[in-house]
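S.K.: Dock chain B against chain A, hints included.
Protein chains in written order, with full-length UniProt numbering: chain A, 1 to 224; chain B, 1 to 224.
Among these hints, one or two may not hold up.
Identical copies look the same in the list; a pair holds intra-copy or inter-copy alike.
What the hints assert, rightly or not - In silico DMTMM-like cross-links for lysine to aspartate or glutamate, where the CA-CA straight-line distance does not exceed 20 Å: (1) Lys153 <-> Asp48; (2) Lys153 <-> Glu182; (3) Lys153 <-> Asp124; (4) Lys153 <-> Asp179; (5) Lys153 <-> Asp206; (6) Lys153 <-> Asp133; (7) Lys153 <-> Glu127; (8) Lys153 <-> Glu180; (9) Lys153 <-> Glu37; (10) Lys153 <-> Asp82; (11) Lys153 <-> Asp95; (12) Lys153 <-> Asp183.
Keep in mind the hints are simulated off the structure, nothing from the lab.
Number of protein chains: 2
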Amino acid sequence: MSSAPPAAYAPTGRTVPTRSRERAAYDRDVVHAILDEGYVCHLGFVRDGAPVVLPTLYARHGERLYVHGSTGSRPLRGAREDAGLAVCLTVTHVDGLVLARSAFHHSINYRSVVVHGTAHQVTDPGERAVALDAIVEQAVPGRAADSRRADAKELAATAVIRLDLLEVSAKIRTGGPNDEPEDIALPYWTGVVPVARRYGTPVPADDLDPSIPLPGYLSRPLGK
Amino acid sequence: MSSAPPAAYAPTGRTVPTRSRERAAYDRDVVHAILDEGYVCHLGFVRDGAPVVLPTLYARHGERLYVHGSTGSRPLRGAREDAGLAVCLTVTHVDGLVLARSAFHHSINYRSVVVHGTAHQVTDPGERAVALDAIVEQAVPGRAADSRRADAKELAATAVIRLDLLEVSAKIRTGGPNDEPEDIALPYWTGVVPVARRYGTPVPADDLDPSIPLPGYLSRPLGK
Chain A
1 MSSAPPAAYA
11 PTGRTVPTRS
21 RERAAYDRDV
31 VHAILDEGYV
41 CHLGFVRDGA
51 PVVLPTLYAR
61 HGERLYVHGS
71 TGSRPLRGAR
81 EDAGLAVCLT
91 VTHVDGLVLA
101 RSAFHHSINY
111 RSVVVHGTAH
121 QVTDPGERAV
131 ALDAIVEQAV
141 PGRAADSRRA
151 DAKELAATAV
161 IRLDLLEVSA
171 KIRTGGPNDE
181 PEDIALPYWT
191 GVVPVARRYG
201 TPVPADDLDP
211 SIPLPGYLSR
221 PLGK
Chain B
1 MSSAPPAAYA
11 PTGRTVPTRS
21 RERAAYDRDV
31 VHAILDEGYV
41 CHLGFVRDGA
51 PVVLPTLYAR
61 HGERLYVHGS
71 TGSRPLRGAR
81 EDAGLAVCLT
91 VTHVDGLVLA
101 RSAFHHSINY
111 RSVVVHGTAH
121 QVTDPGERAV
131 ALDAIVEQAV
141 PGRAADSRRA
151 DAKELAATAV
161 IRLDLLEVSA
171 KIRTGGPNDE
181 PEDIALPYWT
191 GVVPVARRYG
201 TPVPADDLDP
211 SIPLPGYLSR
221 PLGK
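Excised from the complex, chain A in its bound form (with noise of 0.2 Å):
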């Protein structure tokens, strides 16, 4: 599969670099929309000089990404120092696979955004509420006030970090396959195999009283 320069991502073909210093007020839209569709990220950090990539949840709030986890985990203990940990925060959605005549034009169709920076540990009560509340209501809108909120056990065994908006890359390919002039008459087929995220109908657990009907917001389909 094709990886033309400049594109910073090694296999993804023609990529479309949507914000810089330069342009950030018309990118704006574009990042936060990216992220707001996802909540799982790929979060990266350094340990013992070797780098480390786990999924992990995370919510959008304004220009301030949240993730949260035990309070004895790896990445979650190094923000707790005074300079914070230094992490790369990726979101990617996979929006087709882009089959072209050629092996080295093949591609995906996808959007990712790439956060740079600093993750620093939330102490203040107020805003670990809003954090917890936060990644709650990112996979599902309306959760929050339908559940029951973290004691003060849970909100203790429970740490929450932010990393603000500030180095951001969004990266999108769209559109059909890109072949060489010299390929169009092979005899191959082409186009691209349309890929999304499908919600199932909700599962009940086991021991789920009855009469508590499904709720509005899982009734709707979720991811719009």
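M.R.: This is chain B only, laid out in the frame that chain A set:
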């Protein structure tokens, strides 16, 4: 959302470590199955002391992973050094949203594999050909033989790196919510919303010769 130790991942609740040095034989199939179901990974490396996480295509070939990209891209250049490039390659599948009665026990059903190691550039022409075919086949089995393979110029522009499956862990969360006994009577709906990847009907390129039919490997549903 909960993250009880000893989970290595921040927010994903109970996890099942499925590979360790002691249990490699049992776990190899689990690791392979998770890797084989995907084709986009998140590749982490260290640049100027800071972490970088980029989405990229990969393929598994036996006990080895391949990633490719432009010869000019940062991780591919880094892997060219004799010492190779320290990387962390992570593949994650999201299978469900787990809605507990308490916010704390909200979670995600998922399967993930994390591979740590040193990536090296592949220079042997035969192995490079195998790797490039494998990357096309990873997303669309059957496609490599039904496309024009890379010519000398394209091969010269493409770097391939390999990462052996030596230091690998898989984590899996399945099942329903794990609420506290004292929360069972709370009046909140609880259960799991299934999540899966969906492939749409293939969309032919505008310039596709209409006499070329959809190939058999695209007539069946992708991704099983």
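S.K.: State for each hint whether it applies.
M.R.: Each hint, compared with the structure:
In the homo-oligomer, the alpha carbons of Lys153 and Asp48 never lie at most 20 Å apart, since the shortest distance is 31 Å inside one protomer and 40 Å across protomers. Taking the shortest Cα distances, Lys153 and Glu182 sit within 20 Å of each other only across copies (14 Å), while inside one copy they are farther apart (66 Å). In this assembly of identical chains, the alpha carbons of Lys153 and Asp124 lie at most 20 Å apart only when taken from the same copy (16 Å versus 57 Å across copies). Within a single copy, Lys153 and Asp179 get their C-alpha atoms only as close as 59 Å, which misses the 20 Å cut-off; across copies the closest is 15 Å, which meets it.
In this assembly of identical chains, Lys153 and Asp206 lie within 20 Å of each other by CA distance neither inside one copy nor across copies; the values are 27 Å within and 59 Å between. Proximity of Lys153 to Asp133 under the C-alpha cut-off of 20 Å is restricted to the intra-copy arrangement: shortest distance 17 Å within a copy versus 53 Å between copies. For the identical chains of this complex, Lys153 and Glu127 are intra-copy neighbours only, at 17 Å inside a copy versus 54 Å across copies, given an alpha-carbon limit of 20 Å. Taking CA atoms no more than 20 Å apart as the test, Lys153 paired with Glu180 passes between copies only; the shortest distance there is 13 Å, against 61 Å inside one copy.
Taking the shortest Cα distances, Lys153 and Glu37 never come within 20 Å of each other, neither inside one copy (31 Å) nor across copies (39 Å). For the identical chains of this complex, Lys153 and Asp82 are neighbours neither inside a copy (25 Å) nor across copies (50 Å), given an alpha-carbon limit of 20 Å. Proximity of Lys153 and Asp95 under a CA criterion of 20 Å is satisfied in neither setting, with 41 Å inside one chain copy and 29 Å between copies. Taking the shortest alpha-carbon separations for Lys153 and Asp183, only the inter-copy value of 15 Å comes in at or below 20 Å, while the best intra-copy value is 64 Å.
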